[in-house]
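Asker: Read off the chains here:
Number of protein chains: 8
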Amino acid sequence: MNPTDIQALLNRVRGGLMSVDEAMLLLGDSSAFERDFAHVDTDRPRRTGQPEAIFGEGKTAEDIIAILRRLHQSDQDGLVTRLDTDKAAHIQDVLPGCEWHQRARVLRYPAPSPRPDRAVRGRIAIVCAGTSDLPVAEEAAVIAEAYGNPVDRYWDVGVSGIHRIMGHAPALQSASAIIVVAGMEGALASVVTGLVSAPVIAVPTSIGYGASFGGISALLGMLNSCAAGVSVVNIDNGFGAAVMADRVNRRMGDT
Amino acid sequence: MNPTDIQALLNRVRGGLMSVDEAMLLLGDSSAFERDFAHVDTDRPRRTGQPEAIFGEGKTAEDIIAILRRLHQSDQDGLVTRLDTDKAAHIQDVLPGCEWHQRARVLRYPAPSPRPDRAVRGRIAIVCAGTSDLPVAEEAAVIAEAYGNPVDRYWDVGVSGIHRIMGHAPALQSASAIIVVAGMEGALASVVTGLVSAPVIAVPTSIGYGASFGGISALLGMLNSCAAGVSVVNIDNGFGAAVMADRVNRRMGDT
Amino acid sequence: MNPTDIQALLNRVRGGLMSVDEAMLLLGDSSAFERDFAHVDTDRPRRTGQPEAIFGEGKTAEDIIAILRRLHQSDQDGLVTRLDTDKAAHIQDVLPGCEWHQRARVLRYPAPSPRPDRAVRGRIAIVCAGTSDLPVAEEAAVIAEAYGNPVDRYWDVGVSGIHRIMGHAPALQSASAIIVVAGMEGALASVVTGLVSAPVIAVPTSIGYGASFGGISALLGMLNSCAAGVSVVNIDNGFGAAVMADRVNRRMGDT
Amino acid sequence: MNPTDIQALLNRVRGGLMSVDEAMLLLGDSSAFERDFAHVDTDRPRRTGQPEAIFGEGKTAEDIIAILRRLHQSDQDGLVTRLDTDKAAHIQDVLPGCEWHQRARVLRYPAPSPRPDRAVRGRIAIVCAGTSDLPVAEEAAVIAEAYGNPVDRYWDVGVSGIHRIMGHAPALQSASAIIVVAGMEGALASVVTGLVSAPVIAVPTSIGYGASFGGISALLGMLNSCAAGVSVVNIDNGFGAAVMADRVNRRMGDT
Amino acid sequence: MNPTDIQALLNRVRGGLMSVDEAMLLLGDSSAFERDFAHVDTDRPRRTGQPEAIFGEGKTAEDIIAILRRLHQSDQDGLVTRLDTDKAAHIQDVLPGCEWHQRARVLRYPAPSPRPDRAVRGRIAIVCAGTSDLPVAEEAAVIAEAYGNPVDRYWDVGVSGIHRIMGHAPALQSASAIIVVAGMEGALASVVTGLVSAPVIAVPTSIGYGASFGGISALLGMLNSCAAGVSVVNIDNGFGAAVMADRVNRRMGDT
Amino acid sequence: MNPTDIQALLNRVRGGLMSVDEAMLLLGDSSAFERDFAHVDTDRPRRTGQPEAIFGEGKTAEDIIAILRRLHQSDQDGLVTRLDTDKAAHIQDVLPGCEWHQRARVLRYPAPSPRPDRAVRGRIAIVCAGTSDLPVAEEAAVIAEAYGNPVDRYWDVGVSGIHRIMGHAPALQSASAIIVVAGMEGALASVVTGLVSAPVIAVPTSIGYGASFGGISALLGMLNSCAAGVSVVNIDNGFGAAVMADRVNRRMGDT
Amino acid sequence: MNPTDIQALLNRVRGGLMSVDEAMLLLGDSSAFERDFAHVDTDRPRRTGQPEAIFGEGKTAEDIIAILRRLHQSDQDGLVTRLDTDKAAHIQDVLPGCEWHQRARVLRYPAPSPRPDRAVRGRIAIVCAGTSDLPVAEEAAVIAEAYGNPVDRYWDVGVSGIHRIMGHAPALQSASAIIVVAGMEGALASVVTGLVSAPVIAVPTSIGYGASFGGISALLGMLNSCAAGVSVVNIDNGFGAAVMADRVNRRMGDT
Amino acid sequence: MNPTDIQALLNRVRGGLMSVDEAMLLLGDSSAFERDFAHVDTDRPRRTGQPEAIFGEGKTAEDIIAILRRLHQSDQDGLVTRLDTDKAAHIQDVLPGCEWHQRARVLRYPAPSPRPDRAVRGRIAIVCAGTSDLPVAEEAAVIAEAYGNPVDRYWDVGVSGIHRIMGHAPALQSASAIIVVAGMEGALASVVTGLVSAPVIAVPTSIGYGASFGGISALLGMLNSCAAGVSVVNIDNGFGAAVMADRVNRRMGDT
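Chains as they are written, first to last, in our numbering: chain E, 667 to 921; chain P, 667 to 921; chain D, 667 to 921; chain B, 667 to 921; chain H, 667 to 921; chain W, 667 to 921; chain X, 667 to 921; chain Z, 667 to 921.
The following block holds chain E by itself, in its conformation from the complex (with noise of 0.2 Å):
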């Protein structure tokens, strides 16, 4: 925050306009932040493997960069999701140590001390039926690398020609886990659980239109896939998807 900000800050604050708490909210002072705004979960990356991750959508640029600066303090990689562009140059040029992965909306704020190189055992192969379904399968592939996963993409490989899914059975089996992304009716989920034995984390997107409903349709074919082997995140969660598959290859590299 510039000296212009905070003077005005300290205007509002004086005229009635803005109390206390939230002028220090803003200011980032931490223990106001603590108590009224955001119980910041900095234990959680020793109890479930992954740090907090911020869902962008909703949420002011400056609320965003505050909690990034949180989590910076405590030495954790800050991710935010659902990101628009806008709110992305503007948090970049407050925080310029961020990258910004624009297809999948996701920018990472690095912790200050480099990550020890993870030793994983395993591949996450990410499998996409469109293209229009794209931003959420960069989504599941950016968050999966952030965590430190190597990640294979197959990219627009939906069954209406199902010959593109088929000549990649062969290295799909040799993953340790895959995400399988598709919207309108998701029938992409039940051939990939068919061909192989790795556990299938399937991702509907809402792209469709009509009684897709806004990816109800791909939801549904997911969850009442003839096949079995495969559990289903939520509608368009590329996050989600990618934590249960570093979840699933963590569990691998624990050795």
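Just so you know, not all the hints are guaranteed correct.
Unchecked claim - Derived coverage of chain X by chain Z (criterion: at least 3 residues anywhere in the stretch with Cβ under 8 Å from a Cβ of chain Z; other residues may be distant):
(1) 820-828
(2) 846-860
(3) 884-891
Said to hold, decoys possible - Not the full set, but computed from the structure, chain Z residues with beta-carbon under 8 Å of chain E:
(4) Leu737
(5) Gly788
(6) Met832
(7) Pro865
Note that these hints are calculated values from the structure, not bench results.
Keep in mind it's a predicted model, so treat the numbers as computed, not measured.
Glycine included, every Cβ here is placed at the ideal spot set by N, Cα and C.
Keeping the supplied structure of chain E fixed, place chains P, D, B, H, W, X and Z upon it in accordance with the hints.
Answerer: Same frame as chain E, now just chains P, D, B, H, W, X and Z:
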């Protein structure tokens, strides 16, 4: 209606337990029948190409027998769908000329005059995902055959083992219309439609549990197919799919 | 892509603002295109009888141009549906050979080689309930024509004035396939199906308000039609109806 | 209640198996009845023009008998809807003055004093799409007649054979109110409303299967009718339609 | 259409940017209009008692003007519903004879010949729950008045302060039809129906938030009213309620 | 468990038809019970103020008896809800100290030690719309009384005759909490909440048919009440409403 | 309203562009206001204990100002909820005595006479799952404080880090009522209700995406809580929760 | 099939009451079996790591026996899920080698050759919220064990008493995969996922009533979990969860 039944009926009328109109209906007086109960659409075969069929669910055996007799008098085939075994047995007792198709739950009462052979150009292929979907697929098959179409059956070829349907692609390619019957996520419709150039009629079934919601998941999956060239009929509506396929095939036969 | 654009692109690559793969995609390098972004299904016309079409909604003009060029290189027709006026204008600026159908929101980029005349036996009738349903009906009409079918249009013949459609019954009877487009309660599909022997493809539209729920009322009405011989495509899916009708008609033309 | 029953009841009270209030209720003591169980709205006929009717589903025969007796004591007609055959037989055994309408599932217990003839100006037409919808249509008809309205019945005139309803248009035009009863897609309501100037009351029925969802498809179809001049009651609510039509017709008779 | 516009139009035709049919439509050639765009149902007033009304939402001002002119040529009233202020202003500029009802969002273009006074026997009462429901209630009121009915308005009398509606019971009792407009839980319809003997037409509105689901809660509440004598139109359909009430009232005036 | 049963059980264990753990569970060994089947939360009364209650639906009489015995051993009251008559009779045979509330479908097994009298400040009023809602209302009443609250019952006061509830307003005003039980449209909750200043707990019931969707219409009506001061529990959840009301009333008694 | 506005208004009246009633409404004439637009329920504070609040969404700033002035004239507090920043600023310009709570989106216009201090016995605790739920939680807090209740805030204590809420259990135990605000799956309500004996009022929020369906997942989660002692208000209805909590707390203060 | 049955079968064939194909199917001729009824996917164990399982619901005992025999002939394990007690007893009579797991409703027919011991690295933990959810949890446990995984059971640890699950956190942390089974609001999945770093597979159950809608509330709660690291299978799909967990665990064992 045999003399004992008639006597019982008249006693019920005299005792005020049955109205005159209901009695006339049961006795088969066609004018009362027409006026009070059912406008049998005897013009339909000429107009739409298919005789009227009777939806057996929720009708009494007596109602069905009355309508079958009425169609027989007009020298039309009588077809009853969604019939249970008990009612079928009762109807066959009264009208011994009926044919009963157990698995399809379809009963047929052939018209008195033999129908002229029909010049049909093409074959109808019926593809069925799982063994639990068979009653619906058989309903479609029996109706299509009753309308004079040659039918090819492909049973238990769901997408969880994708190689099962792949091997049939050349044969399916030559059909004049393909009916795909599937429950759960209904993905088979998309896969078949992407493999062939024939028009595909998809029938979602109510097979499944939990979030399949009595066939909604399959219905939505088929409506949202990523492959174009498929249209959908109501859940479990094997009859409707057969009529649609017959209309397609009949066009080809109108040479 | 003109030199200025390329220069700008390269500067963005050098500055780390664009990945090499994205740059290659925009530059039209087909191997990167195939690997990272879109498996254009160049085998589809041979397999299913129809070229792939591009769903324009949610794609950028740049993405669409890239795919159109790729199809053009394979000597295939390019069809884009659900395009808005601004993107269409931009695409026409870059690819002046495109035809733009405003009301249908369809853009066509003809293949370089003229297509051989197609021997088509029948006509496709398109029946539209109300003036608000016209964009969907026109989408069906333009696509069907693009595939080489003669099309007859019957506009604004909804059931609230039943005489309007009754007068067209003889003409409809002679079509090889009928597409019925209607919103609100979608009753027109049932009335038409009961009048003719041709196969009917019903397209529910999202026209309506309140309890029409974006087309669900019309969709359910059509799926539950009391007349058999009709099947249904997704809400507002004029394109899908045209492909289905083309498959029906093409069968007849395969003499 | 016969002596044996009363004795058994008192024993249950003495044994603590039944509360005094429940016993008084069963014994028909009206003050307990009023206080603990049911506020019979004896003022309703004066206020709303129609006597209270009893929804028979889910009530025991004993409960119904108690309420019928209470109405009888107030010299009011008793009407019971949605009654099954067994309970009706039991009630008729206890209250022999009851009339039983089998198909309509309605039982009527006439008031002790004859009702004065009512000056009714108009007739109520009831139009029914299919034979399976008849119980609902008959419920409407029997209730409307019980309230003193002349009723004309038009049965089995669904839109799959549109000529059936077209021929009745002139007769329908002269009704003071029209009730349209239809299941499946409910399209008959739109067609009738477009043909006449009388107010139309639409009753969706639960007839159908699959995506008819127990009458939702017909309900939505009727609510979204493209023809204005129609309003809708609950699924299978023949009773409610009759009350609405009676209110309309009664206004005309209030000269 | 002024000369400049016509010139521009012809240039677009010559340049291939507009089809001849579209041009004829815009130029108001009625035969093209009839054939290609809209079957204006000029017989409707005779058949159903009400002129056709134009649903303004989603139509361009130009489309509306064309239809209004066509009705005017047939000496019929033109009524447009669901119009926004900007389009209304534009239409009034072109057709200065129009009346604009802001709150009701209804525009009326009176027929050239004055309509004969109508002998109406009864009054229509319109009851509105909250101030946010007023646009729908006013739509009903303006349409009912446009059809020649005297209208009484009862605004802001929702059930959270039940005394507000109780005081109006005697006045409501004398109406020939009552329209009840309410959002949220829609309870006002039940209360009013229990108070009076007039037929009640309930209009659920989309007012509410959260689990009101755009009017579904009010719609279901009204369909499931514990009071009989009420029927329901679509969500926000003030127009439909007015047509229904007019049909009821007109019957009474047909003396 | 009698000797014959035990012998049979042991034979099944020896024959491998039953696991040791299952046998121990049936034999009532509490350590196995705790480990394998049910963590009876004996700390709950201290923590939340109410003992645990047993949901009887879907549990066998044997399961229920086992849990009741376990609670009895901890000197706690046992309450079973949603019990049917047959299972209740069976449990009373085994545990004769149980009280059975037929209409409420609640069984109570009092703790061995008498509970100290509770100092309760206020009364709980329970208001019930129709006679069919009584089982839910009685469940709430019996549970509230079992927890030591005085209860006032107001039965059959639905809004279709609004005067019935209006007369009770002063009495309701003095309650410390009011439970409103209603099905169909659930409007009674709004009317009561607007009349009083006490907190209102609304219980939607599954009473209704057609578009009441098993209580959804009442649930939505109550959630969307235009009157503030009401909150809602699950459909038919008389038990939950009683616990909520007890918590409110207990606060007042904590002096 | 300033002179320029009044002049413009009168010109519109003279030109027929505005009705006299609408003009009187805008001019603030209270009798017209009462008659035509809004029955302000000035008796409500006496009857229900809380003044009427104004739902700001969808109302113009002018409408809100008119109602606030009317309440002010009756010496009542004016509370506006769901207000956006722009309208709030405009209202503060016209009525400078207003207080604006930005995060809660609540504006308060205090009554002219100071309210007597209220004897309140208990405190209201408000527990909020995530930072995105804060606007709803703050709405509840500000309203509860405006009604004179002391409020304790517990922010960002969602169940993904269960230790955060566990530490607050003793403090929560002493509240007279607890409001739990949560989106997504809404699990926090179950956890809190199981920890304490105070009555819990749950507020589902529309926070979430995909299958959260605008708050339906949280709403259903709270309605189906496995812990008893919780009831639920509408999605995002912080205001309703505060009124319910105030009613509970007020009971305790009525000593 | 015993001689009497075969004789009866042949008589039905001779009498035209059964087709030859159906007879062959019942006689167990494997070629007809393969062609007409069921493509048993004997390649599946090699491809996906798990043998095919038979969904018992809706299949006759005879169908199940035929498939079990077919698997036995291929030296594969046969697993039947969702079997009821009567059919299980019948199957055990015919195939005495079957094991029957009553609570899990799972029947297993071991392959003739003993399976080699499997090197499994990790354990699967199964956590179950309430006693009513046990059948689903046991299905998961029995299947996971049948596939060779060691399983730890944590029963009756729902969130209404949060301390029950908290004590198990360290043990859960060491599992290679955790299956969480819960009905009602399904909150247990969120709490567990926040406590551990293992991948969590959530199974919603249909336990609940009212607005739980047969498991939808739990399903939505789990899909919308505020904790990442969890994915979801279909309602009541204990089998699917076990297959997913086995795939995860098997990856770890592939050393």
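Asker: Could you work out which earlier hints the structure fails to respect and list their numbers in ascending sequence?
Answerer: 4 and 6
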